[in-house]
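Below, each chain spelled out in residue letters.
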Amino acid sequence: MSITEAEAAQLAFERPSGLWRDAFERFVRNPAALVGVVLVLVFVLAAIFAPAVAPYEPREQVGVLARNPAGPGDGHIMGLDEQGRDQFSRIVFGLRLSLLVGVVSVLVGLSFGLVFGALAGYLGGRIDFALMRLMDLMLSIPGFLLAIGIVTLLGPGLFQIMFAVGLVQVPTFARLLRGSILGQKEGDYVLAARSVGVPGRRLLLVHILPNSIAPVIVQATLAMATAIIEVAALSFVGLGPQDPGLPELGKMLADNANRLQQSAHLVFFPGLAIVISTLGINLIGDGLREAIDPKLRT
Amino acid sequence: MALLSVRDLEVKFKTRRATVHAVRGISFDLDAGQTLGIVGESGCGKSVSSLAMLGILAKNGRVAGGEVLFDGQDLLKLSDARLRAIRGKDVAMIFQDPMTSLNPVLKIGRQLTEVLTKHMAMDKDAAEKEAAELLGRVGIPRAADRLGDYPHQFSGGMRQRVMIAMAIACHPKVLIADEPTTALDVTIQAQILDLLKRLVEEERMGLILITHDLGVVAGICERTNVMYAGRFVETAPTPELFSRPRHPYTLGLLKSVPRLDAVRKEKLDPIGGVPPELTYVVPGCSFAPRCAYATDKSREVTPELRAIDTEGHLVACWNPVPDADLPSTPGPPAQPDDRWAAR
Numbered sequence: 001m002s003i004t005e006a007e008a009a010q011l012a013f014e015r016p017s018g019l020w021r022d023a024f025e026r027f028v029r030n031p032a033a034l035v036g037v038v039l040v041l042v043f044v045l046a047a048i049f050a051p052a053v054a055p056y057e058p059r060e061q062v063g064v065l066a067r068n069p070a071g072p073g074d075g076h077i078m079g080l081d082e083q084g085r086d087q088f089s090r091i092v093f094g095l096r097l098s099l100l101v102g103v104v105s106v107l108v109g110l111s112f113g114l115v116f117g118a119l120a121g122y123l124g125g126r127i128d129f130a131l132m133r134l135m136d137l138m139l140s141i142p143g144f145l146l147a148i149g150i151v152t153l154l155g156p157g158l159f160q161i162m163f164a165v166g167l168v169q170v171p172t173f174a175r176l177l178r179g180s181i182l183g184q185k186e187g188d189y190v191l192a193a194r195s196v197g198v199p200g201r202r203l204l205l206v207h208i209l210p211n212s213i214a215p216v217i218v219q220a221t222l223a224m225a226t227a228i229i230e231v232a233a234l235s236f237v238g239l240g241p242q243d244p245g246l247p248e249l250g251k252m253l254a255d256n257a258n259r260l261q262q263s264a265h266l267v268f269f270p271g272l273a274i275v276i277s278t279l280g281i282n283l284i285g286d287g288l289r290e291a292i293d294p295k296l297r298t
Numbered sequence: 299m300a301l302l303s304v305r306d307l308e309v310k311f312k313t314r315r316a317t318v319h320a321v322r323g324i325s326f327d328l329d330a331g332q333t334l335g336i337v338g339e340s341g342c343g344k345s346v347s348s349l350a351m352l353g354i355l356a357k358n359g360r361v362a363g364g365e366v367l368f369d370g371q372d373l374l375k376l377s378d379a380r381l382r383a384i385r386g387k388d389v390a391m392i393f394q395d396p397m398t399s400l401n402p403v404l405k406i407g408r409q410l411t412e413v414l415t416k417h418m419a420m421d422k423d424a425a426e427k428e429a430a431e432l433l434g435r436v437g438i439p440r441a442a443d444r445l446g447d448y449p450h451q452f453s454g455g456m457r458q459r460v461m462i463a464m465a466i467a468c469h470p471k472v473l474i475a476d477e478p479t480t481a482l483d484v485t486i487q488a489q490i491l492d493l494l495k496r497l498v499e500e501e502r503m504g505l506i507l508i509t510h511d512l513g514v515v516a517g518i519c520e521r522t523n524v525m526y527a528g529r530f531v532e533t534a535p536t537p538e539l540f541s542r543p544r545h546p547y548t549l550g551l552l553k554s555v556p557r558l559d560a561v562r563k564e565k566l567d568p569i570g571g572v573p574p575e576l577t578y579v580v581p582g583c584s585f586a587p588r589c590a591y592a593t594d595k596s597r598e599v600t601p602e603l604r605a606i607d608t609e610g611h612l613v614a615c616w617n618p619v620p621d622a623d624l625p626s627t628p629g630p631p632a633q634p635d636d637r638w639a640a641r
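These protein sequence lines map, in sequence, to chains A and B.
Residues 1 to 298 in the working numbering are what the first sequence spells out, letter by letter.
Residues 299 to 641 in the working numbering are what the second sequence spells out, letter by letter.
Bound conformation, chain B alone (with noise of 0.2 Å):
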């Protein structure tokens, strides 16, 4: 049985003009050690479903439907008090902007010895004790005298350290990285990817990837889960997701990211338009608007999730992008590391 379960999972968010339907049901299993990437432009309900599995939603949004099994419970039905004990426990979370998520007038120590307090039942001494160790691992010099300070004594890149050695404090078994290298510099980004890399082996942890950034995904996740308009629309392992593109979508994404074996002044090529907004459900493919492979049926019918080519490659797509159209070279974006390098 899979570790974390997501099914079906919907969420809703009440505004002033109209409901928006953020979340439109997506499903998909992690097992232990396994990283999964959802990838998806701004608005499509990436962090959103993150936020809705542990319950932390803002308040105008509701999850509306589906279940998210973990250890054999579900956690959109648990009370407060039981979902708060397995938040920063079992699972946790890394957030997109480590310069806004210290608390800016708690010390490190105090932030850091705070879950394990809590979590962990330590008292001070040994919290203090373990927190100077965390930080060593996640890589900050000379931990232990580190933790009298603030976060605002920190760079970027050392925060977002200090968010992870948060984060995997009490050795959870899910960890859920909500675009933890977009606020930091490509040096860094590809220090903090090895860092969870290494992390996740170490741990034998499920981690979701959350991120826009295709080089990312592409460099650590098993699995990734291409998100348009609170859907999946492209599920499949990521070496094949990047060979072999199967929904018009996610080629746009591939076409539209700059590739260090282009062909020099070989112009990129963007999706036209711009996605739906989400306070309708409108019948048919969210995509079909911008789509040139669309139809009439994929504006009237939605398509599901299907299997194709290989096993585990799924898309929800009436007409699959064909073999003549993938990309001539095929394979992932740059990366994290050689963007570094290739400077």
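Just chain A, same shape as in the assembly (with noise of 0.2 Å):
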């Protein structure tokens, strides 16, 4: 037993390693991805904290009205906007419906890909056909036109836009989830569980799901950043939220976009906004791919 216990003190030694903890590891030791992190965590903490952040209401009037409203200065860091509304004010709590926004449209395209994705891949066979040729049907669709369209038939508002988006997603999580769980479940692993009498459906939550989850999870993350843009693009042409005083980074923009030469202050911020939150998730999103992606694992 000499050899097993030597393997043993060897192992000790190597402790400190997982799944989970190597991918951290990995993941750490990118510095885009914690550059990602940073800008993210601003954000984030942003949003969460704005009514503390800003210095005023989104909606309250502090300056005067007017045409070409004055661009940065006199105590308002990123100008006045042509209400006379703080502009940093607005686009922190902008920046609190952009989360909202991904978050939200994301568990939704989850929710509903996730359900299809493991009952096609499961299950297999015609169930797994008709589901596909359901999510080649929306693919076959661009997603930006079915958003439209989605948010046509359900009526122009924040939270409609928001289900659109998501559910513009279902197709990919559905997809991704699908053919990463028939790679997994003919596995030994699976056969070994089946040979100790696992009932099909624990198998698939315990087992395979965990297994085949790791591309959804990448996924997801890049999603929620073309989530926030395509909200903003579709409220930017006028199907998001149709309340005027709501600070939605898109419609502030579509409000501004003829003001570009005068007061470029009013288009240059709420789009550095998108930029920056979208490019720190997209950041993340590529960070963590690399660092689960099983072909790196050994």
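You may find that some hints are simply not true.
[As the list claims (entries may be wrong)] Facing chain B, a subset of chain A residues (Cβ under 8 Å, in silico):
1. ASP188
2. TYR189
3. LEU191
4. ALA192
5. ALA193
6. ARG194
7. SER195
8. VAL196
9. GLY197
10. PRO199
11. PRO210
12. ASN211
Derived by calculation from the structure, the hints in this document are not laboratory data.
We put the beta carbon where it would ideally sit given N, CA and C, even for glycine.
Please dock the two separately framed chains into a single complex, following the hints provided.
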């Protein structure tokens, strides 16, 4: 038994290691991912603590009405808008909406996508065929058009566009999970689990799903950035929240697009806020992908 | 009455092109405490027949006939739920590749307790205590500490020990080991076989050992079935099989394995040709095209197993190997223990 003991000692030596811990270590060694973390941290903290961060209420009129309001200065670091409201406060609250939008629409997409993908991948056969053709159908329509269609059906509004953007992501998640499950379900460990009498549902939820979920997590992160941009785009074309006072970043862009030459700050800062928040999320997503890509795993 | 009794088991697979008749009617009995070997080359139906017994064939496979009597009931006719209750509890299985047979994202302890809580109705604490004890029994040092480890923190041999611990967790009456040592180093092979031998004695289990390694069978099995193209072609007590192989295929297998007591530079004598495709059931002996002893009768009429020589030696061949052609150095090929010693 001396060999086994030596091996045990060796393993004890290497103890601090685990599937997710390894991934974590690869993640923190990736500078781009860390930049992403910082950006997202700033974005998320500003969004959560918006009332404390913003000096004014987003709807509060603090300056004068002006056709071409003045830029940054005079205590307003991002200037005022045409209604005399503090632009910085509005953007902070806008980020709060963006975070909500990103999370909610990805949750919508995930909840349908995971169920469809898991059923199709695990059950196979006719159910797989039917679900995947439905997904193909959805993919055959350009995502943005499909979202517009859904909003038209549901009527304009913030929650409607979040739902629409989430639905558009369903096929991506479903196909990704299905493929991943197909790769796992023939695995030896699944057969081994069956041989000790693990029933079907438990087999899927406890054994197969946790092994298949990694690529979906990465995709969900990236999808959050896409969702923020798409929601901003939908409200830019006028399908977003109808409340004119609501500080939605896409809406702020749309309202001020024709003042780009006179009051560039009204377009520049909301745009920058979208870019920075989505850039941060994308960097994290790419970092995650590299960290938990099965091809890099030994 | 035998503990497990398989009668005329047949398995078919539907593929896109044709139906593959993978197992063509095999029968055997297994008693408590007995070790039964099934040997044969890849694709002869060894693993498939064991999967069929447990009802865990791949989706395109189905049992086409026969029965598997265990404890007075036919496993093939049980409902899914009833069969699940037997699988892992009364009949357990060990798989070939320990590197992939454990779930990589679940801790070892979790995978062990899963079996215990399901079949033995233990609560979590009791199951964890039992799991640690099981790991200790299969020879894993500091067992209690290692319950929290993931499979990738174990070596191949250690993982196979974990698989064995999982299999014997509920004190099964029958243990099916499908190539349990194939993926392991020779040193570890010997250890694992010793462990299996010990456990069979301690638990009075019936062990079915499936392998293509004649050395493994020689060391552990009381009785050995030689399988070719979905059928048993010869079955005999293991020492008898190695000293007096009567089926040309068995003889061919023995001659193609290196021996430690062989004269230096003596050439191995492989079996020419390849095994038949299992898509068609052709009349005659499946081995006939590769067989030096084949006659017209072999090519036309399929031989059944029939008694020959001593008690319990059956062979499915019209022209069994005559005494004159038996190997000059009878006896089993090198076993993992010897191979390690002779290194």
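Right, here's what the structure says about each hint:
1. ASP188: holds, 4 Å
2. TYR189: holds, 5 Å
3. LEU191: Constraint on A:LEU191 satisfied, holds at 6 Å.
4. ALA192: holds, 4 Å
5. ALA193: holds, 7 Å
6. ARG194: Hint on A:ARG194: holds, closest Cβ of chain B at ~5 Å, below 8 Å.
7. SER195: Holds. Min distance 4 Å.
8. VAL196: Since chain B brings a Cβ to about 3 Å from A:VAL196, closer than 8 Å, the hint holds.
9. GLY197: holds, 4 Å
10. PRO199: At about 6 Å, which falls below the 8 Å cut-off, the nearest Cβ of chain B leaves the hint on A:PRO199 intact, so it holds.
11. PRO210: With Cβ-Cβ at 5 Å, under 8 Å, it holds.
12. ASN211: holds, 5 Å
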